[in-house]
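Spelled out from the first residue to the last, the chains are:
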Amino acid sequence: MRRPRPAPRAALGALLAANLLAGCGLLTGDDDAFMDRLDGTWELARYEERRILDDGTVTAQTDIEDAGTFTFAATVRCANTGFMLDGGDTFSRAYTFEGAAGVVVPNATGGCGIVFADGQAQRVTFIEGARFADDVMLTVDTDGGSEQVWSRYLLFEADGYVLHTRYTLRRQG
Amino acid sequence: MPSRLLFPLAAVALAALVASPAAAQAGLYLTAGFERAAYDTESLDLFTDTYNDYYAQRQDAPFEYVDPALVRPVFGASVRYADGLYASAAYQFGRASQARESDLGALDQRYDLTVTDHTVLTELGFASGPLYVAGVVGGVFRFETIDYRTVYADGSESRGNEVFPTGRYTGTTPHLDAGVAVGLTLGRVVVPVRVTVPVLSFGGAPMSDPDLSAFRTYFPADWDRYLEDGGGLDDGNAVTDDAFMGMRVSVGVELRLFPF
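In order, the protein sequences belong to chains A and B.
According to my numbering, the stretch in the first sequence is residues 1 to 173, in order.
According to my numbering, the stretch in the second sequence is residues 1 to 260, in order.
Chain A with its partners taken away, still in its complex shape (with noise of 0.2 Å):
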């Protein structure tokens, strides 16, 4: 009588639980492996900012190479202030930034504040700290242990254009 191999079954019963958990979300941990990725120093190697017209029109407004430095970790000590700021926990990150005149980074307060990721690493909030409502999210467009690429989109209506801002991010060393 033919004997019932165990290999497939075992690599059969590996797939199948890998499947249930990864489906339950106990395998995935975006937001903190995102996070992780972040820490360190990074370089705006580009800072970006363009008009998008109503009929798709795009016009360059601001575009700065080397623009800037982020460093991001648990805890900063942020350079204007001397505090030190606390980045909390497992999905958020203290950053201090160091730039170039005219470069915007939302929320930044006295060089320095606290990003958080979605569960996806799809967008990076900024936290306004008081006001949660205003917070400025950025879309992930581009998410490398060596490139990130965010974008913050302002809506102008009444003058008929959206404010698009692109951060280029390089890690450094």
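Please keep in mind that the hints were generated in silico from the structure rather than gathered at the bench.
There may be inaccurate statements among the hints.
Partner residues aside, some chain A positions facing chain B, computed with beta carbon under 8 Å [as the list claims (entries may be wrong)]: (1) 55; (2) 138; (3) 162.
Sample of chain B residues with no beta-carbon within 10 Å of chain A, all distances over it, derived [stated by the list, open to error]: (4) 36; (5) 41; (6) 49; (7) 55; (8) 99; (9) 129; (10) 197; (11) 243.
Just so it is clear, CB atoms sit at the ideal spot from N, CA and C, and this is done for glycine as well.
Based on these hints, arrange chain B on the given structure of chain A.
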């Protein structure tokens, strides 16, 4: 062949199959099939109606209604035993997604409604020859996502919080299904048909986006009520995750990998 002979011939063939000696069958099977899973679209239809009414003046293309059922492929594995008594335990995975878009001129709003199921089925019944009939009880772990984005005139897609209700709204609907299954065994292949309905639900929570950094973190049913609810207190207006349940009909092919 005259069509009037088809039915008697089919009946004779079926009788012969049923009367054939029952061979004990037990083994591990891989499953592939199709499923039609109905759900309650009332709250999403209300969103579609009220949103389209609100933007009727500027909307170049309105949202269309979501489909009333998810028709999708399902995959899985099962362990079966058939020898007069019929019993099986099965796992099935299925995912279906549908996209909707509203063109508001200078910007579009798009969303994908995705429903993912992990189902564990237990069947118990009788087998006679190649046929079996069984009662089915299924534990369904259903995950729903409404992934809502804003698309600007140059094609840029935003997931930011500058335009409501952009966000990623999720819900979980664990529920218990019950129904019947019939199947035909042809050598190593089983062709099952299952019909189940939900009998017990553990859902009912609003579809929400806890990462939204806003007072309103729920996905709305009535757009006008949502706009009046700046404080985000009216989550009775939310699309709730227990809407995503209904009758499921599936047909598939199961292939025995190896016997026990």
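Check your understanding: Which numbered hints are broken by the structure, listed smallest first?
Key -> none
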